[in-house]
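Trainee: Here is how the chains run, residue by residue.
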Amino acid sequence: MLKPFVTLFVLVAALIAPLSAPAAELRFGAFPSSDPDKLLAVMQELGGYLTEKLGEPVNVVITRDYSETAARLGEGSLDLAWLGALNYVQVVDEVPGTRYLATYVNRSVATGIVAPYYHSVVVVAANSGIDTLADLKGKRFAFTDPGSTSGYAYPSYLLRKSGIDPNHDLAKVFFLKRHDRIVEALLSGAVDAGALADDVYYGIRERYGDALKVIAQSDPIPMVAVVASRRLDAKIAARVQEALAALPPDHPFCRKMREVFGWDAAGFQIHDDALYDSVRAVYGRR
Amino acid sequence: MSFRFRLIAIVVVAIVALAGLNLAALDQVRTLDTENFAAHRAEARRLVATRLSEFFDELDSTAINLSKPREIVNALAAADNEALYDWSSAFVGNADHTMRVTKIAFVDNTGFVVARAPDEFRFGDNVSASLLFRQTKHDGSFVGIAPIDGKPHLVATRVLRKYDDLPVGGVAVSTPITPKILSILAGTDTVVLSYVDSDTAISSTGTLPAGHAISGVDLAVPQGRGHFRLDFLPDARRERMLRLQSALSFGAIGASLMTLGALLFTLRRQLAPYQTIVGGLLEYANRATGLSGLRDRLARLRGQPGEVGQVADALSQMIDQVDANFRSIARYAGQMEEMARADALTGLANRRGIEEALEGEIRRMRRYGGHFAVIITDIDHFKSFNDRFGHPTGDAILRCFAEILHANSRTTDVISRWGGEEFLLLCPDTRLDAAAAHAEKLRAALQGTAFPEGARITASFGVAECTPSDTLATLVARADRALYQAKSEGRNAVCASASLRD
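These protein sequence lines are chains A and B, in that order. Counting in my numbering, the final residue of the first sequence is number 1064, and the numbers go up one at a time with none missing. Counting in my numbering, the final residue of the second sequence is number 1303, and the numbers go up one at a time with none missing.
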């Protein structure tokens, strides 16, 4: 007989709880490039870590895309955000007052060095007879996506610097969206060359051996930045920065990164906004 | 014979008519069947043509569906292989299970294949040299048959336009022409659908129907090369039915003919005795056989059961009767003949009889040699006896005279009444002198004989021997002259012609 009342109580409590919670709750936004669930699983590890370190609840919010993320940082409905290099540069431009906190770092598959950046490589079939970027004239080239930093912006910049205008000097440019599809397309001969993140390239070397080769490497590409909204209290922001820098490499977050995205995550380093100047150069900003 | 003929003719006509009706019925069944089959063919052709056009429609509508969404147009404009692949793979069916679209390709304005399904990583090739590309680019679309990857495909293409205006490339939706597809389009295994062009021939049965197809029609292709051909195979069930019908009909005809044969055989057996009878009678009528031949024939039928036997018996009896009658008639005729040659009063040969005998003897002598003689005798003064005693006595005297001649002659001698009271004797194998002696013997016998009414009768005799040059007339004339001589010498005398000067 009590059951309906218990149910009602639980419902009411659930509705009232957010309003009655302490205002110190933080929202950490991230938007997916592919599967939102995977991203959420990884980010919740980070959220859990920060909650523990700050003593304040840090909730992970999966936003739809960059614009939504930028807008919410601006209005303060997000306190923290996880942004790729290009988006970082954009948000600094577009949402004044957004503060840089830290840069995610990776252990390079190729070199084993922990660094806040990685590279894009131009890859061709080993037997293609293509050895330099100049040889790419009149060839078919595969990028991932026009919005991709490592899959388009940096390699495109690299080509241009070598005198190859992707829009005119190549026979055809294809956008294959995913790095693994570029590998498949290269192996099947659908394209002559493609741009890959170096991690991806070195990751597949075990599987495909020497079928592919690198003919050029891009400038270092800064890794994901964690930013704080200008509306977030500076002290809390500093505590977040501190907590991130202290994240141990064996933390479940790093393990999850490896599991889900294959990135050999090594935690966070605190650099400054200048780390992202190469991005500004590549995108022709400033 | 003609009755039998007519009877057989009736039976034959009846049975031939039956057989004819049967054949006509079979022919009608065949005609109906042929008409049905023609209708069936027309229907099959219509169905296949419809399926084919529906298939093209499906390809075309898929091409349209893939050419309209702005997302797809933009993806092609941006060479977004992944998006295009996702779209196209959603529209590609499995060739083994459906007759739907099995290949989709997006091609940009320059002929580069930007994405393909189901081959995700087969793209980047340039098809600008192909007729299909050029035709699509020129016309905005293509529905028909075109070679894709070197093999004929059912294809529909559309140009994709940014802002519904600027062409950014095209989409090709296709299915290779395979035996499987053709058999689905054919719908039934009694037809063979084939695709034929200058280098390829593909058929729903795997092989092109060579000679075993009953007939075929061509189906046009909306655009592009080659054509479809629909061939109709013999339908085993229908063939069986026709065979059964034929067997039934020919069986019926066979039974009719057997019945006819049996009937003819029976008729022949039944009618054979009648034929024997009639045949015998006809032969008899044609004088091909005599009564005895006829009777022999009928004898074979004696004792035949039933009517025939009775008829044969009756006929035999009739024939016996007729034969007996004929015999009596013949006998009677012989008697008549004899009577004609004999003298009624004396019973001796008459003038005609003796003339015949003489002629015969003359012919015989001329042929075989030998000799004979004749004696003519005439009762002396017979006229006065007749006058005195009357005719009956005269006749009695003549009869008596004849008796004496007969009694005193050899059996081989032919004695005849020559006329009136004149008698002539033919003496075969007798010379003149022997004949004269014989005449003398007769003359003497007369003298010693008592005649009726006590009359004294004498006679004169003239004898002549036949010579090879004699005719009846000269012989008799010589004997006559001798008789005349005897008369003139006083009667009751014998005179031989040799003693006369001829």
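Treat the hints loosely; a few may be bogus.
Ranges of calculated distance between the beta carbons of each label pair, as one might list FRET restraints [what the hints assert, rightly or not]:
1. B:Ser999 x A:Arg842: 40 to 48 Å
2. B:Arg852 x A:Pro814: 43 to 51 Å
3. B:Asp887 x A:Ile891: 46 to 54 Å
4. B:Thr851 x A:Ser940: 56 to 64 Å
Sample of chain A residues at the chain B side, in silico, Cβ under 10 Å [said to hold, decoys possible]:
5. Arg918
6. Lys950
7. Phe953
8. Lys955
9. Ala963
10. Tyr986
Computed cross-link-like contacts, SDA-like style, restricted to lysine to any residue with a CA-CA straight-line distance of at most 25 Å [claimed, not checked]:
11. B:Lys1288 x B:Arg1232
12. B:Lys981 x B:Arg1168
13. A:Lys917 x B:Glu921
14. B:Lys963 x A:Gly925
15. B:Lys963 x A:Gly941
Read the hints as simulated data drawn from the structure, not as lab findings. For clarity, every value in this text was computed on a predicted model and none was experimentally measured. Built from N, CA and C at the ideal position, the CB exists for glycine as well.
Trainee: None of the hints should be skipped; say for each whether it holds.
Mentor: Hints versus structure:
1. Checking the proposed 40 to 48 Å range against serine 999 (chain B) and arginine 842 (chain A) shows it is violated: the Cβ atoms sit about 56 Å from each other.
2. Between arginine 852 (chain B) and proline 814 (chain A) the CB atoms are about 45 Å apart, so this pair conforms to the stated range of 43 to 51 Å.
3. At roughly 37 Å, the beta carbons of aspartate 887 (chain B) and isoleucine 891 (chain A) sit outside the given window of 46 to 54 Å.
4. Between threonine 851 (chain B) and serine 940 (chain A) the beta carbons are some 59 Å apart, a value that agrees with the proposed interval 56 to 64 Å.
5. Nearest Cβ of chain B to the Cβ of arginine 918 (chain A): about 5 Å, under the 10 Å cut. The hint holds.
6. Here the hint on lysine 950 (chain A) is kept, as its CB sits about 4 Å from the closest CB of chain B, short of 10 Å.
7. Hint status for phenylalanine 953 (chain A) relative to chain B: holds, with the closest Cβ pair at about 5 Å, below 10 Å.
8. Hint status for lysine 955 (chain A) relative to chain B: holds, with the closest Cβ pair at about 4 Å, below 10 Å.
9. Interface hint at alanine 963 (chain A): satisfied, since its Cβ lies 5 Å from the closest Cβ of chain B, which is below the 10 Å cut-off.
10. Interface restraint check: tyrosine 986 (chain A) against chain B, minimum CB-CB distance 13 Å, threshold 10 Å, status violated.
11. Pair hint lysine 1288 (chain B) plus arginine 1232 (chain B) holds up; C-alpha atoms about 22 Å apart against a cutoff of 25 Å.
12. Of the supplied pair hints, the one linking lysine 981 (chain B) and arginine 1168 (chain B) is violated, its CA atoms being roughly 118 Å apart against a limit of 25 Å.
13. Taking the CA atoms of lysine 917 (chain A) and glutamate 921 (chain B), the gap is near 20 Å; set against the 25 Å cutoff, the hint holds.
14. Taking the CA atoms of lysine 963 (chain B) and glycine 925 (chain A), the gap is near 21 Å; set against the 25 Å cutoff, the hint holds.
15. Distance check on the hinted pair: lysine 963 (chain B) and glycine 941 (chain A) sit about 30 Å apart at the alpha-carbon level, beyond 25 Å; violated.
When held up to the earlier numbered hints, the structure conflicts with 1, 3, 10, 12 and 15 and fits the remainder.
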